[in-house]
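K.L.:
Model the full assembly from the supplied sequences, consistent with the hints where possible.
Residue numbering for the sequence shown follows this note's numbering, starting at 87 and increasing by one per position.
Computed Cβ-Cβ distance ranges for the label pairs, DEER-style: (1) E156 <-> S204: 33 to 43 Å; (2) E124 <-> T144: 11 to 21 Å; (3) E151 <-> A94: 19 to 29 Å; (4) G109 <-> K150: 34 to 44 Å.
Below 20 Å or equal to it, Euclidean Cα-Cα: the simulated SDA-like pairs (lysine to any residue) are: (5) K176 <-> R164; (6) K128 <-> R116; (7) K128 <-> A185; (8) K103 <-> E88.
Bear in mind the hints are in silico, worked out from the structure with no lab data behind them.
We put the beta carbon where it would ideally sit given N, CA and C, even for glycine.
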Amino acid sequence: MEIWINPACSKCRSAVKLLDDEGAEYTVRRYLEDVPSEDEIKAVLTRLGLEPWDITRTQEAVGKELGLKEWARDETSRDRWITALAEHPKLIQRPIITADDGTAVVARTDDAVRDALSR
87 MEIWINPACS KCRSAVKLLD DEGAEYTVRR YLEDVPSEDE IKAVLTRLGL EPWDITRTQE
147 AVGKELGLKE WARDETSRDR WITALAEHPK LIQRPIITAD DGTAVVARTD DAVRDALSR
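P.N.:
The following block contains the structure:
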């Protein structure tokens, strides 16, 4: 199990605390420092069953600068979104937990963290 976090994020700290409280074995990826490649983002999206715009923080300053709210959300625009996430990792919703069964969850709630633990 791996968790992508930004240590400054309270949701990330809460998720890590819950994992620790449950005695989970996991690795931490500080994705702002260890930036995921486009291929890694595609793999996580597959595991999540989501599209890149579903995990994009459009309200971040860089998201507003890029005008993400106006970008098309379709198959022909998918790679553009993935490139933006790889170039600006702060746009990636957090935390993301990749579960041992090959799935992943955006773990913004305790229930989502517990869901990942049960997989």
